[in-house]
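From first to last, the protein sequence lines stand for chains Z and X. So the first sequence is residues 0 to 153, counted in numbering that gives the first Met the number 0. So the second sequence is residues 0 to 153, counted in numbering that gives the first Met the number 0.
For the record, the hints were derived by calculation from the structure and aren't laboratory data. Each residue gets a CB set at the ideal place from its N, CA and C atoms; glycine is no exception. Just so you know, not all the hints are guaranteed correct.
[What the hints assert, rightly or not] Here are some of the chain X residues that sit facing chain Z, going by a computed Cβ distance under 7 Å: (1) A7; (2) A8; (3) F12; (4) A18; (5) V19; (6) Y38; (7) G49; (8) R70; (9) I116; (10) R123; (11) L132; (12) L136; (13) R138; (14) P140.
There are 2 protein chains.
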Amino acid sequence: MLSRPDLAAWIRFLRAHAAVTRELSARLEGQHGLTLSDYDVLVQLYYAPGQRLRRIDIARLVLLSPSGITRLLDGLERAGWVEKVRCESDNRVVYAALTPAGIQKCEDARETHVADIEELFGSRFSDEERNTLSEMLGRLPLAETSEACKAGDA
Amino acid sequence: MLSRPDLAAWIRFLRAHAAVTRELSARLEGQHGLTLSDYDVLVQLYYAPGQRLRRIDIARLVLLSPSGITRLLDGLERAGWVEKVRCESDNRVVYAALTPAGIQKCEDARETHVADIEELFGSRFSDEERNTLSEMLGRLPLAETSEACKAGDA
DNA sequence: CTACAATCCTTGCGATGTCAACTATCTTAG
DNA sequence: CTAAGATAGTTGACATCGCAAGGATTGTAG
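Let the hints inform the model, and build the full structure from the sequences given.
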């Protein structure tokens with residue numbers, strides 16, 4: 000109360016994230032057997048040139064640790080949606096590439112997931128408010144090293 | 000090909016949460032040995048009447064599952080910041096009550112944590128923007144939608 | 001060419017958190 | 001009173017994710 004900074008916004012940010020992601024995650028899991036992170040990674044691959052990315056770049060794009068990406072991709076590979084592709088010019092890197100099944104999966108999941116996001120999140124705001132919100136959230140720090148800030152896409 | 004422009008807001012919401020909570024969590028852990036959730040629960044107890052709460056109420060307040068609360072409180076009890084208190088009128092409930100050490104811990108942690116939140120989150124916005132943001136985030140669903148739907152007719 | 005540093009990726013381990021199942025207690029209907 | 005059901009809490013099995021450490025490869029300096 001006495002403190003100048005208003006914590007209410009931060010608390011609501013935390014609670015809203017917990018509630019919305021929990022519900023979105025449950026629906027995505029139930030309808031497509033995907034985690035939010037799984038879907039996130041599939042979409043990044045979908046829009047990537049050649050529909051493939053280096054593991055390290057995926058990690059920076061979706062803000063997960065490299066080890067988290069390794070394990071997440073293990074699952075996507077086991078499901079047949081992603082495959083490893085050797086890099087000819089640098090043997091350290093192992094591309095993650097979408098398979099045809101992965102492309103299909105991504106499009107299928109998007110069908111319902113985008114609608115769910117709209118229902119639980121987007122529909123709460125007018126068009127102008129969406130822009131305002133997006134702009135404000137864009138001011139928050141994305142990563143310590145600002146390396147992941149090449150995320151100009153959406 | 001992005002069907003609606005407001006996906007950008009959602010993506011930024013996700014990324015901002017990941018980045019800010021990761022940094023806040025690292026600082027809180029390093030300076031006080033607390034998780035964000037630990038701190039969250041300590042604060043709820045701090046402001047609760049009698050500085051104690053039923054486990055189930057804590058779970059609803061901080062949006063964690065009952066089992067998650069059990070395990071989180073195990074840790075806080077082991078550290079001596081919280082203790083179990085039997086409820087006289089209902090033997091099912093086990094209050095979680097702040098100890099003097101817990102009160103001290105909460106106040107100590109708040110000192111730096113509130114400043115960290117201000118630095119990483121609050122300082123990005125003007126006073127008016129904070130109110131706007133807080134109001135908008137308050138429109139997002141907080142309750143468990145799927146539970147209510149699953150209950151069906153009730 | 002050799003040595004050393006940086007980069008990409010994986011693995012061991014631990015922490016956190018969920019769900020399903022269970023016990024124990026309270027409440028309510030008959 | 002008793003049976004059925006709701007509620008509070010815990011536990012076991014499991015999934016996710018981060019950090020630290022290590023291996024492999026590449027880049028760089030002498």
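How the hints compare with the structure:
Taking 7 Å as the C-beta contact cut-off toward chain Z, the hint placing X:A7 at the interface holds, the least distance being around 4 Å. Residue-level restraint check for X:A8 holds (minimum Cβ-Cβ distance to chain Z is 4 Å; threshold 7 Å). Because the beta carbon of X:F12 sits about 6 Å from the nearest beta carbon in chain Z, less than 7 Å, this interface hint is met. Interface hint status for X:A18: upheld, as the beta-carbon distance to the closest one in chain Z is roughly 5 Å, under 7 Å.
With 7 Å as the threshold, the beta carbon of X:V19 comes within range of chain Z, its nearest partner Cβ sitting at about 6 Å, so the hint holds. Taken as an interface hint, X:Y38 does not check out: its beta carbon lies about 11 Å from the nearest beta carbon of chain Z, beyond 7 Å. The beta carbon of X:G49 is not positioned within 7 Å of any beta carbon in chain Z (closest approach about 19 Å), and the interface hint is therefore violated. The interface hint given for X:R70 is violated, since its Cβ lies 17 Å from the closest Cβ of chain Z, which is over the 7 Å cut-off.
For X:I116, the shortest C-beta to C-beta distance to chain Z is roughly 5 Å, which falls under 7 Å, so the interface hint holds. About 4 Å separates the beta-carbon of X:R123 from the nearest beta-carbon of chain Z, less than 7 Å, and the hint is met. Because the smallest distance between the Cβ of X:L132 and any Cβ of chain Z comes to about 5 Å, under 7 Å, the interface hint for this residue holds. Using the Cβ-Cβ criterion of 7 Å, the hint placing X:L136 at the interface with chain Z is satisfied: the shortest such distance is roughly 4 Å.
Hint on X:R138 holds. Least Cβ distance to chain Z is approximately 4 Å, under the 7 Å limit. Because the smallest distance between the Cβ of X:P140 and any Cβ of chain Z comes to about 6 Å, under 7 Å, the interface hint for this residue holds.
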